[in-house]
Amino acid sequence: MQFHRAHVLVCHGTNCSLKAPQSIVDAFRGALKEHGLEQEVRVVETGCFGLCEQGPTVVVYPEGALYCRVTPGDVADIVAQHLLKGRMVERLLYREPALVKTVQTFPEAQYFQKQVRVVLRNCGLIDPESIEEYIARGGYLSLGKALTTMQPAEVVKVVSDSGLRGRGGAGFPTGLKWRFAARAERQPKYVVCNADEGEPGTFKDRLILEGDPHAVLEAMAICGYAVGASRGFIYIRGEYKLSIAMLETAIKRAREIGLLGANILGTGFDFDVEIRLGSGAYVCGEETALFESLEGGRGEPRIKPPYPTDRGLWGQPTVINNVETLANIPHIIEKGAEWFRGLGTPSTPGTKVFTLCGDIVNGGLIEVPMGITLREVIYDIGGGIPGGRQFKLAQTGGTSGGCVTEELLDVPMDYDSMAKAGTALGSGALLIMDDSHCIVDIAKSFARFFVHESCGKCVPCREGTKRIYDIVDGFSRGRGTARDLELLELLARTLYMTPLCPLGQTAPLPIMTTLKYFRDEYEAHMQGQACPAGVCPGLGSGLTKEVGAW
Amino acid sequence: MVTLTIDGQKVTVQPGTTILEAAKKVGLSIPVLCHHPDQEVKAVCRVCVVEVKGSRTFQAACSFPVAEGMEVRTNTPAVREARKAVVELMLATHPDDCLQCERNLRCELQALAEQLGIREVRFERRVKEIPEDHSSPSLFRDPSKCIACRRCVYTCNQVQGVGILHPVNRGWETYVAPAWGRGLMEVACALCGQCIHACPVGAISERDQVEEVWAVLADPKKHVVVQTAPATRVALGEEVGLPSGAIVTGKMVAALRRLGFDRVFDTDFTADLTIMEEGHELLHRLKTGGVLPMFTSCSPGWIKYIEHFYPEYLPNLSTCKSPQQMFGALAKTYYAEKAGIDPADIYVVSIMPCTAKKFEAMRPEMNSSGHRDVDVVLTTRELGRMIREAGIQFENLPNEDYDDPLGISTGAAVIFGATGGVMEAALRTAYEVVTGRELPGLDFEPVRGLQGIKEAEVDVDGIRLKVAVGHGLGNAHQIMERVKKGDASWHFVEIMCCPGGCIGGGGQPIPTNTAVRLERIKGIYQADKDLPMRKSHDNPAVHQIYREFLNEPLGHRSHELLHTHYTPRRRYGVPGGAGEN
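Going down the list, the sequences are from chains A and B. Using this note's numbering, the letters of the first sequence correspond one by one to residues 1 to 550. Using this note's numbering, the letters of the second sequence correspond one by one to residues 1001 to 1581.
Hint data in this document are derived by calculation from the structure and do not stem from the laboratory. Even for Gly, the Cβ is constructed at its ideal location relative to N, Cα and C. It is possible that some hints are incorrect.
As the list claims (entries may be wrong) - Here are some chain A residues pointing at chain B (derived, C-beta under 8 Å):
1. K466
2. T498
3. L500
4. Q505
One chain only, chain A, in its complex shape (with noise of 0.2 Å):
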């Protein structure tokens, strides 16, 4: 084996590697063999680090220096000045926002103080395509401590003990999913991976399939132990080419260790794990529109019950869990369920991964306990609202959360606690608005994304959506009266407690949540004909000149 002096960490995952291409490594690998140093120091293509605003990242070890912004012309710099002379390159080291001075090493970044990183642990730090770096930091440790000294029933009571809630957006416990699917007496059983991430500002299962796809691997080969399947299913948007490379790439690699296939490690085991595409359909995240579409029909929700645990995938008991939630599952088997119920909150143990994005200064992927505020998020790891602007309104859970407003920043951040304050925890989308949206915009287009992807087949939603998005359509166009502010308060109603599918139920939400807090600004719209942000065409804003002018 070969030991380095250094390593020079280069972020792969799609947001950075959209901003600097491949170019980063190669101007390395160059400027490295330049000074002679290859032997030295190595560079490693990681999953994602998480401050994707300010990437493309790159990190340099040992000293964890914290490069950000890095083009190809910079490499040479870092080459002759950190890796040659010992001298960390000061105009590129990460600026914390509120400060001018530099953080040199990224733990010291306010980015990554709040945060704990269980699912995160090996993103952007070991390089996904390499198994036996992730064997190297206690990959597949689990697995194999499952299948050698646990009995299924074991696992599944670990699991249920931890009290790990689905990370896909309803926080259905998970342990009792693979207690039902381990009940079930009917063969075969299925584990499937819900990969079909769409809520939009939602990309932190890319993220994590990108950093660390054998978490998920080990996850769904112990799952399958646990409730007695030994096929696995990763149904992925096709759009994630990026993951789906490394996926298909761990996939091999497990199979050829024998960590995938028959007879795991000698236990008689056999799980195997094949990648389904999806094709965009929002809907097919929903877990039996999942079904029908990776069993090559319509993407559309079924009838429930019965539920996937009893009839699932091909009309088979399944178990079908999010990225996320798969992803803490190795944790869990390793370090048990008290440890895990250490982290979070009573109700809601355990980490949440979120994509922080919109009006923000850091945004990118984080990963906090279970509990955090909102306000916690967005001043201390966000670094707030950029350009002076005010915080008007946070999006949690995607289109079909709720609208957080300032008043709701300091509600803990968990399954009970904000569906109590109306909204929803989601799958982890945090999209930070400020003061310079229009509240009727922002409701309008939620509306034209579910008019987009109602799949159509229950009355209610494929109807009710778009009669939604004409009324807001309305608004924005001064043409909304009063009646139809009745009229979409009916439709919020109606959708909320009437349609097949959470799609549905969930679609009113962005409605109901906006009308709450800003109906002023709705009114506005319908009485002054004006937008009081100057957003919407065609209306004036309603404010003086000088103020609008801003």
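Following the hints, put chain B in place on chain A, whose structure we already have.
Leaving out everything else, chain B in the frame of chain A:
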């Protein structure tokens, strides 16, 4: 058993019962729309939503199973508001031409709006303008009226196994149609019309040809003869308010005379003739080592289905034309000769329980007399409309007899209308023709009834004749797969396209469902029992026509006029129009 509370009333039911079923036990009819008594639950219309204590959302009563201690409320202000909103959403996009709609007064959406007391539609009227489908000679689709309840999708896929109707597009633009919104003649549609019975609104109906018939009845130069299919006589009554299955043969004849038809004949006559021809064809195949099993060929939906789906088995089809087409060919030859009328002036109208018959009559080969065998096919429903329009008080009509000679028939012909009937009629005749002995009992119970596939073995003088009967194309599919696999040694197979046979045909009165089918089947067998002659070979008119005109079964003239050939069609890709490959 599970005990729950519905609107404060305790009720105990089997586990697995839905709220909808449980509610019936406490005297509640929860409103429904996508629900159909013969179909699996779809729960897409969301009209039947109810409150279930502890549930975040309402639940659809049609699909939600009961649980111990469950508390259900079906009639709260919130539930009523939601139901109305859902129905108004449908109405706001539905064409409001109810008064002109073919389904006026027979429309379930209309009835639902009335039931829920909807007096205004609060949403802006935005009808989805989708092109009409006039491609087929049998069926007419108006997708603008489609409410995407998917009942026809279930019928087309699960019952008939044809699978051409599916939801197309997504979201707001969803409607039900063949793939890519194609016309029915551009896909492998059997034209069975079972989708009509599934449809709660007027999105699918037969191609209405009533006006064509009114016009020809008013034309003094035309000699208009009409034939009535076996299954019409136990269903037409429903069109004029009589109970399902009422036998109205005599009144139907009287009504047709009052409408102005010059001669009222009976397809039953050619059904008897079919037995003679088809029976001899079977015996010939058995004797000469011909292609077996032989399939019946009287159901035009079945013919189109096998042409699309199993074209390699066309040699197994009996070459006999259907009774309707035999009648047409004889009306313009034998009858024309006897009556001394120029066949060019004879106009043949059929009253059929069937939509596929309209297509059959237009097949290019169906002109062996030198003229179209049959000029226009009307469904039982269309005849009902004519009777209502003419103001005929059907109930008060006297019972009249069919005209001679094409109106004389036997009970064996009547039972053509029910699944198993052709087989039973054939067995009645085959037994006596082969053995020369009188049949001990006339009723072949094993081939009767609504079981999907019925099999029997009959000893005909030492020959163990193995027969099978299937109805509904889903069952036809299963029969064909067994034939394909070679694990069935049948000699003779009767297949009817529609569930229950012709009494459940796509042209029959609305509603047609299992309960109604059973009543009509009862009527059919009663009509058989009531007739003095019950065996086709006893029909004197059949003897007469062989004597005077056809000479013998399978003879030269029979081949010319009464037998036909079939057209292989593709399942995908190429239009399936008549004569097209």
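Hint by hint, here is what the structure shows:
1. K466: Holds - the Cβ of K466/A comes within 8 Å of chain B, reaching about 4 Å at its closest.
2. T498: holds, 5 Å
3. L500: Status holds, d = 6 Å.
4. Q505: With a minimum Cβ separation of about 6 Å from chain B (threshold 8 Å), the hint on Q505/A holds.
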